[in-house]
Amino acid sequence: MKLIDQLTAPLVSPEEPTLFEKSRAGRIGYSLPTASVPEVDPSALIPKTMYRPFVEGFPEISENEIVRHFVRLSQKNYSIDTGFYPLGSCTMKYNPKINEEIARIPELNQAHPLWPEKFLQPALKIQFELQNLLTAITGLDCFTLQPNAGAHGEYTGIRIMRAYHDKKGNKKTKVIVPDSAHGTNPATCTMIGYDIVPVKTGPRGIVELEDIKPLITDEIAGIMMTNPSTLGLFEENLHKISELIHGVDGLVYMDGANFNAIVGIVKPADLGVDIMHINLHKTFSTPHGGGGPGSGPVGVRAHLKPYLPTPVLEQTSTGYRLNEDFPDSIGKISGWYGNFAIHVRALSYMLSIGTTPEGNDTYLRQMATAAVLNANYIRHRLRGHYHIAYDVACGHEVVISDELQQKYGVKTLNIAKRLMDYGYHPMTVYFPLVVSGAMMIEPTESETKETLDQFCNVMIEIAKECAETPEIVLSAPTRVNRMKVDELRAQKQPRLRWTSVS
Amino acid sequence: MKYIPQSAQDQRALLDAVGLKSTDELFHFIPQHLRLSRKFDYPKAQSEAELRATFRSLVQSSPSPMVSFAGGGIYQHDIPSVVPFLQGRSEFATAYTPYQPEISQGTLQAIFEFQSLVCQLTECELSNASLYDGATSLAEAVLMGLRVKKKTQGKILISGALHPFYLRVIQSYCSAFADRLEIIPLKGDQLDHDALARALNQSADLVVTQSPNVFGVIENDEAIGRLVGGSSAMWITSTMEPMSWGVLRGPGAFGAHIVTAEGQSLGTSPILGGASYGIFASRMEYLRQLPGRLVGETVDEKGRRAYTLTFATREQFIRREKATSNICTNQNLNMLAGLIHMATLGKEGLRLVAQRNLSHTEYVKNQIRQSGSISVSQSPTFNEFCLDLKKPARALVDKAADEGWVCGIDLGRLNSAWERKLLIHCSEIHTKTQLDRLAQFIKENA
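Top line first, the protein sequences correspond to chains A and B. Under our numbering, residues 102 to 603 are what the first sequence spells out, in order. Under our numbering, residues 302 to 747 are what the second sequence spells out, in order.
It should be emphasised that the hints constitute simulated quantities derived from the structure, not laboratory data. Hints are not guaranteed to be accurate.
Simulated pairs of lysine-lysine, PhoX-like, Cα-Cα distance not exceeding 25 Å [unchecked claim]:
no., chain 1, residue 1, chain 2, residue 2
1, B, K322, B, K345
2, B, K666, B, K603
3, B, K603, B, K450
4, A, K123, B, K603
5, A, K219, B, K345
6, A, K368, B, K623
7, B, K345, A, K198
8, B, K451, A, K198
9, B, K700, A, K219
10, A, K512, A, K585
11, A, K593, B, K623
12, A, K550, A, K198
13, B, K623, A, K275
14, B, K666, A, K275
15, B, K666, B, K488
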């Protein structure tokens with residue numbers, strides 16, 4: 102029996118029409134209590150031109166049909182709870198269920214951001230404790246939990262960098278960004294009005310001191326580095342680069358998207374980092390939700406505290422309070438106090454992976470260690486079958502490419518789509534941009550050795566298919582819900598909302 | 302450790318395979334003097350039972366209010382049980398952004414349906430897949446407006462009745478354009494249309510309004526639309542309470558160029574204001590300037606209907622420093638909750654719940670009016686209204702808090718000039734007893 106047949110059967114799931122096609126006049130999926138006060142006539146209260154009796158086109162569906170609709174839609178998704186999800190740079194680790202239970206505590210869900218502070222003490226304590234734990238693992242002095250995602254954290258962090266220079270009267274216009282950076286890094290710098298000074302990664306896949314030296318001028322506001330980098334490699338020179346940047350009163354920003362690889366192993370502050378964001382939805386296990394909500398807390402050294410977004414959460418003798426009085430603050434970066442629902446989950450997780458019962462180790466460290474060992478194991482198993490971009494000891498992820506498969510006419514995208522036929526979510530593809538045809542694999546600590554072995558067996562089988570039956574790989578996927586989706590047509594004939602006429 | 306399946310034997314086998322003696326060698330690239338010792342200052346790991354107890358005792362350490370009439374941008378509504386039930390499904394909650402359409406049709410179709418419902422609610426042609434929240438949606442709209450108006454240097458006119466937190470987010474996102482921001486004064490508790498007309502006669506690029514505004518008042522969008530329509534400015538609207546669209550026309554109907562809203566009321570509990578989602582709608586002509594993700598309908602190789610992320614060339618992962626925004630992760634799961642909530646309400650439910658909100662609010666307003674001594678504005682409102690008191694609103698809020706409940710929001714917390722304004726929100730969740738008690742309290746204490 103072929104490996105593919107051992108692992109999967111073609112997936113058949115019922116076609117599900119849109120809510121609008123399911124709608125029938127007169128149906129409802131909602132109930133209201135009987136009115137206890139006189140019902141008013143809205144049309145008598147609202148100025149005539151602005152009154153709307155009902156929303157044109159809104160669906161009418163009963164509860165059972167709504168439940169089936171969304172259950173069926175969910176079945177068309179691949180998820181971590183479905184199977185291995187080696188999406189590089191996204192840290193698709195297991196999302197513990199106890200954290201979901203805790204995030205549903207009714208008292209926390211009803212907390213209103215403008216309640217008198219005495220009613221908010223439990224919620225603020227949760228945020229304060231989370232900030233403390235983030236301080237403990239990074240060595241940075243203070244945190245803000247307000248950024249709602251990694252990119253939002255980057256925005257906050259670089260705004261703080263700019264506020265620092267503006268306050269000091271520093272004439273700074275440029276930020277150094279390595280070419281292996283996430284797209285959000287240069288996009289963020291541009292939003293804040295900094296020019297990008299790109300620096301190439303050296304032959305070892307990391308940023309070399311010699312390449313940074315000529316770029317250091319008085320105009321450098323700072324550097325933005327992802328560590329470990331998007332190539333899965335620890336930036337060995339970061340602590341020395343930090344000294345160079347500090348030499349011109351620049352600041353070092355560390356993008357903590359890949360923090361999972363070094364938690365409990367090294368504190369970023371010890372590498373000279375001044376500002377850093379952490380993706381709670383990666384390293385600290387909160388669900389990705391099909392694209393959010395995330396949370397991107399930003400940590401800074403004490404001398405940057407005056408610039409943090411307001412309000413700043415503080416502990417006083419009578420409890421916790423939100424302090425708005427920070428004249429040098431960058432201001433407000435979102436409506437309220439960050440994605441609290443994610444903070445609760447992350448705190449629950451961080452408390453569960455603390456110091457071991459024996460007291461001589463932390464589960465944090467074991468987590469990073471297992472993640473890095475798993476990535477190195479995959480690198481080792483795929484060697485010879487795929488080109489490995491930088492075949493040196495890697496961090497939490499390994500980047501391979503389609504260099505060996507190109508002679509059969511097979512490209513990275515085809516290999517990714519073929520993985521779906523075998524029951525896996527593909528790895529991150531065509532990123533980082535510095536590796537042509539990149540495939541970035543991040544196993545995380547959550548996976549068993551059997552899962553890694555089976556995945557590698559499949560990758561090796563696909564490499565064999567590329568050589569022997571490339572047409573099968575080129576036509577993939579054929580065993581999942583949809584075959585190749587025509588993305589070009591989506592753009593040429595845009596249909597971005599449902600209308601009754603197709 | 303139950304989250305780390307790697308046993309000692311597994312670890313040995315993996316190390317042997319990669320040719321290492323110990324796990325320490327995995328980190329050889331970190332200089333020894335920078336590495337942490339295995340034991341560092343961090344709390345003891347907690348089991349599930351311990352976590353439950355920790356959070357339970359934390360929550361019980363201080364009282365929760367018995368009833369709350371706080372609104373001001375975050376609103377308590379009755380969320381149907383199907384919403385958390387369906388939203389919590391593993392396949393939705395533990396999936397990543399749907400970059401691989403063949404195995405992400407669930408999330409993609411949900412986004413497509415959400416975009417469609419938002420277009421219907423706002424009466425716009427185009428909606429994205431959500432942004433962080435109402436305030437950042439508005440700030441992104443201002444940035445988008447500036448991109449569209451790229452060569453001019455006109456003013457950015459902002460209603461004085463915009464929620465001050467929203468204003469501060471705009472000020473933060475647009476700090477480079479601070480000299481172009483101008484606040485349009487108010488006439489009573491509404492935007493002063495004459496002042497707006499005068500400001501439009503000087504060069505203005507953008508007009509930003511909010512309805513219902515920070516005082517809960519429904520602005521006359523029809524009149525504002527006519528005023529802005531006669532100028533070359535773009536009109537951006539903000540709404541904190543999308544439930545109000547159950548009885549109000551969408552701003553798109555009056556010519557708004559960009560319509561933004563806080564999504565929380567639809568699908569999400571207050572939860573300290575996060576996580577919710579931001580609604581962002583506009584016109585097809587601005588498609589390429591839109592921030593955030595977009596899903597479009599297309600077909601697969603067999604010609605079957607399929608959905609996919611589209612127009613990604615606007616986004617940071619393709620365009621890097623030339624992107625329309627740096628946004629990557631958004632608030633997808635909250636958007637999904639909003640979608641399910643909207644589907645549950647449907648055409649009739651949305652109308653009913655909006656009417657109930659109006660009824661409860663009008664009931665309390667009338668009860669207070671009957672006392673004769675407290676003036677209640679005649680301006681139209683949806684589910685919150687503002688009282689002008691003879692003393693600081695804080696006194697009432699504190700008194701109610703001492704009694705264990707929340708009678709509304711002291712607007713002085715948002716703007717010190719408003720310290721005598723008490724903002725009260727009533728929704729379908731409140732009972733007649735609660736509404737009566739609120740009215741009685743106001744009559745006795747205001």
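(request) Given the hint that B:K451 pairs with A:K198, test it: the Cα-Cα distance must not exceed 25 Å. (result) violated, 48 Å
(message) Check the hint pairing B:K345 with A:K198 against an upper bound of 25 Å on the C-alpha distance.
(response) holds, 20 Å
(request) Decide if the proposed pair is consistent with the structure: B:K603 and B:K450, CA atoms, cutoff 25 Å inclusive. (result) Judged against 25 Å, a Cα distance of about 43 Å means the pair is violated.
(message) Just to be careful, I want the Cα atoms of B:K700 and A:K219 compared with a cutoff of 25 Å; is the pair within it?
(response) Cα-Cα ~13 Å, so holds.
(request) Take a quick look at whether A:K593 and B:K623 sit within 25 Å of each other, Cα to Cα. (result) holds, 22 Å
(message) Against the 25 Å threshold, does the CA-CA distance of A:K550 and A:K198 hold or violate the hint?
(response) holds, 23 Å
(message) Holds or violated: A:K123 and B:K603, Cα atoms, limit 25 Å.
(response) Given that 25 Å is the threshold and the Cα spacing comes to 24 Å, the pair holds.
(request) Decide if the proposed pair is consistent with the structure: B:K666 and B:K488, CA atoms, cutoff 25 Å inclusive. (result) holds, 21 Å
(request) Verify the proposed pairing of A:K219 with B:K345, using a straight-line Cα cut of 25 Å. (result) violated, 29 Å
(request) Given the hint that B:K322 pairs with B:K345, test it: the Cα-Cα distance must not exceed 25 Å. (result) Since the Cα atoms of B:K322 and B:K345 sit roughly 29 Å apart, the hinted pair is violated (cutoff 25 Å).
(message) Holds or violated: A:K368 and B:K623, Cα atoms, limit 25 Å.
(response) violated, 33 Å
(request) Decide if the proposed pair is consistent with the structure: B:K666 and A:K275, CA atoms, cutoff 25 Å inclusive. (result) Given pair B:K666, A:K275 is violated - Cα atoms ~56 Å apart, limit 25 Å.
This entry does not satisfy hints 1, 2, 3, 5, 6, 8, 14, going by the numbered hints stated previously.
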